[in-house]
Amino acid sequence: MTDPLADPGVTRAEFCVVACADVWHGAGEIMASPFGTIPALGARLAKRTFAPDLVLTDGEAALMVGAPPIATPPAELVREAAMPYRSVFDVVWSGRRHIMMMASQIDRTGNQNISAIGPHDRPKVQLVGVRGAPGNSVNHTTSYWVPDHNARSFVEQVDVVSGVGYARAAAAGAGATRFHDVRRVVSNLGVFDFETPDRTMRLHSRHPGVSVDDIVAATGFALRIPDDAPETRLPTPAELDLIRVVLDPGSARDREVRS
Amino acid sequence: MADKRTTVDDIVGELRSGMTIGIGGWGSRRKPMAVVRAICRSDLTDLTIVAYGGPDVGLLCAAGKVRKVVCGFVTLDSIALDPHWRAARQHGRVEVMEVDEGMFFLGLQAASWRVPFLPTRAGLGSDVLSFNPDLRLVRSPYGAGSPYVGDPADADVELVAMPALRLDAAIVHTNRADPAGNGQVLAPDPFFDTLFLGAAERRFVTTERIVADGTLADGSHPLSTVPIHRMLTDGVAETPGGAHFTANPPDYGRDEAFQKEYAAAAADPAEWEAFAGRYVLVSEDEYQARRRERQDP
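Protein sequences, first through last, are from chains R and H. The first sequence: position 47 = 47 (the working numbering), numbered continuously. The second sequence: position 273 = 273 (the working numbering), numbered continuously.
Errors might be hidden in some of the hints.
Stated by the list, open to error - Computed cross-link-like contacts, BS3-like style, restricted to lysine-lysine with a CA-CA straight-line distance of at most 30 angstroms:
| hint | chain 1 | residue 1 | chain 2 | residue 2 |
| --- | --- | --- | --- | --- |
| 1 | H | K65 | R | K47 |
| 2 | H | K260 | R | K47 |
| 3 | R | K124 | H | K260 |
What the hints assert, rightly or not - Sample of chain H residues lacking proximity to chain R, with all beta carbon distances greater than 12 angstroms (derived):
| hint | residue |
| --- | --- |
| 4 | S17 |
| 5 | T48 |
| 6 | D100 |
| 7 | D251 |
| 8 | E271 |
FYI, nobody ran anything at the bench for these hints, they're computed from the structure. For each residue, glycine too, the CB sits at the ideal point set by N, CA and C.
In isolation and in its complexed conformation, chain H is listed as follows (with noise of 0.2 angstroms):
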């Protein structure tokens, strides 16, 4: 079975600018912050950043990496907004494909099925199709004398045709993983990390911590906390505290004092300075020492 084990680095060394690129988690949750410190630090630029979103968009918007960015929202949880991402929209340095996180979902999911899109009621009659002019209604196939309509009002129904949200690449963050490239979340909510890893090109998963191949579900957790198997990976890389400062249970919870911080940052261009060179400028290792100093001073 293929070792697939590599470094933060090396899989941000497989990224390109002007890529679109999937990011797992959802909002502030277990997102794959080390890779995301890592874009930050990198010479890419020009990303289009596919995500449900939280920090992950607001700290590459801050450093000037991405052209655009399709999402639902953008959030921070306990903070209702990222102020990062608002000065972005708000100078119009950002362009946003947005949409209906559940459209976002179908987006991924056809994809991950290769098909050109999948329909649904969700978007009709708002604004998502007006902003979106690309977007496009497809009418049922299934008119008033086809065996198939149960619901007359069904009959020749105009939906919305959700296009494959296509990536270049795509990178979670899992509680565990396995070298052949299983990942395991033992939170509730695996999120829809599957569906990014289906939709891209090359898949990538970090993780707390690499244990030997078939050890993930040893017993005292249920095989239904590996929802990502190794036909979905090309590359794991353990990177502990990666998802800093998402909540990533039961490992962490969020670093709400750091969250505000991070926050706090987009006041001012010097602020946001002096927050880039201590926690994002520098390398991982050197992030997570500083934020363990913080946390127990």
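So here's chain R without its partners, still in its complex pose (with noise of 0.2 angstroms):
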């Protein structure tokens, strides 16, 4: 096994790998939906060490066995139980289910857009739509993942309110706080969450090799910085094992964040 204390070569990818893995610290028999290379890495290294009970799926319409490689071809994956989207629905409003989704914005209070850049009656950037953002993000844990950290994507406002935020959710009213819980976000620069007074977001680790002075120069809102921000932690030998050999022998990791 690698030993990642006498080995200098854990990879960002790595880092941010095993920060999203840790969103499902503790999840329980829920379904995990992360979206993104990192994100489903994290998801199957998760359920292959401290979160066996985890549910993922096929990416089509089933519920699949274990946590196979990411480039394993779908004839090849095992089944559970069938997963249609209509069922889908069943999940997201029962709550059993924390997703990790992208975000093309996000702002100080948790807000995401993958809908619009610019005014919404005529975009200057059409994105893919809200998709299932704003029922996700008010009925069941939502975290997000940003692979490319920067003064565009971490904003003072979104453009367009796709996942909710804790401002809009509490303004909203208790049927959007009721079951809302934006617990964290991963960038390529570090860790994020919004265990503030405020829940405004807040510096929760900063992976290694990035100081606090590069996050806050990245980062186009005032972040909550702690007195004494920690690194993303190191994963274990028996991790990396896991996401080198097992989980992503072909390096897709490094294909979303590079080192």
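Quick one: dock chain against chain with the hints and give me the complex.
What follows is the structure, encoded as structure tokens:
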């Protein structure tokens, strides 16, 4: 097995995988829905280690057995139950899910945008659309993955509130806040949470090799910075082995986040 | 039992400009593309398209058929964004009613069940409510004293009242169907096709192959592969390859090379004209011949 402490070569992408995996710590028997290569690796790593009861989909219409390598051809996946899109809403609205969505923009209070940049009636850039983000964010735990942390992705106020943040949920009332839980934001630079008195974004940990100044410079709003922001934890030797040898021998992770 | 067999052209002949039309499938999967192509060739205009959007939306926008789209997204799956849809939006050529994809499901369900709305948390706090100012909230009539309030947080709670999405017509595509109007989906996800049909005045199924009545579930396929029953259907048209270039397993997968060419045609008007001349403004038979030719030259 690789010893990460003796091996200086733990990559940024590998720190990101571990940071993503950790959002599902203690999640129990719920659906983990990762978007992006590194969150997909994180969910599989979590399931193979500290969160064995996690439920993963095959990306189509079924729940799959185990946590196979991410490049596994669909024909080789083993499935345990049907999960067509209509049933996904049963899961979403029951709350038995922790999704990690991507965000073209994310803001200080945890609003996410995947709909459009610029005015909505005639966008400067049309993105995919709000998709399930409004419903996801007020029905079950939601985290975000931003592989390119910069002042255009971490903004003071998103252009279109797709996923709902803390201030907007509070303003919308008990129907929105009852199951609202924007848990973490993982980027290529660090990990962020909303565990502040006013539920604005705080630096949770910085990835090794990234300074607080780097993060502040890449963020388009006043981030809460704790006095002693820790570094994102190292992968254990077993985790590093799973990432490198089992789950992603083709290093797809390095194409999403470069070191 | 009525024989509901018809043709793609006769289906399109029943549509009118200005109608609200639901299109089944999801993204670039099992879309009734033969009908979409026929609409592009027709003189229909000013349509409102209701869809889990894929190249159906992009193609109809590029052909200038669309006034408004009701959707939660438009994607080509293997290509994240449909450039024809992006162009139409970024030039302000189409209106959009953009809703959460679960709200969309409830809108079809409400229309299908003949109720004016269904309540949901989805949409609360988001800009879906800002951008659709006619959407309303509904307050639960069950207050703190009610025997029906289990969770105290639900007393008098305000939720989104997702309105029924009523359709003038709906079109879905299946792997098999029978003349009576039962429809079979051999892929694992029937998507929301039954709800599109349930929400519509006029209901059409196109299919890869029509088989004899009563033979869809013949032992090799369980009854659960036949989600569309004949009470949901007014017409059935056989149109092999009718979902091309979207994915329609197990009959065929997505034609990725063709989809790339479709997406690239958004680059400029000349590219689109060349693409449309070759693949849109031709008969379905001609279209199928040309796409077979490029797949097996």
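- Query: Are there hints from earlier that the structure breaks, and if so, what are their numbers?
  - Reply: 1, 2, 6
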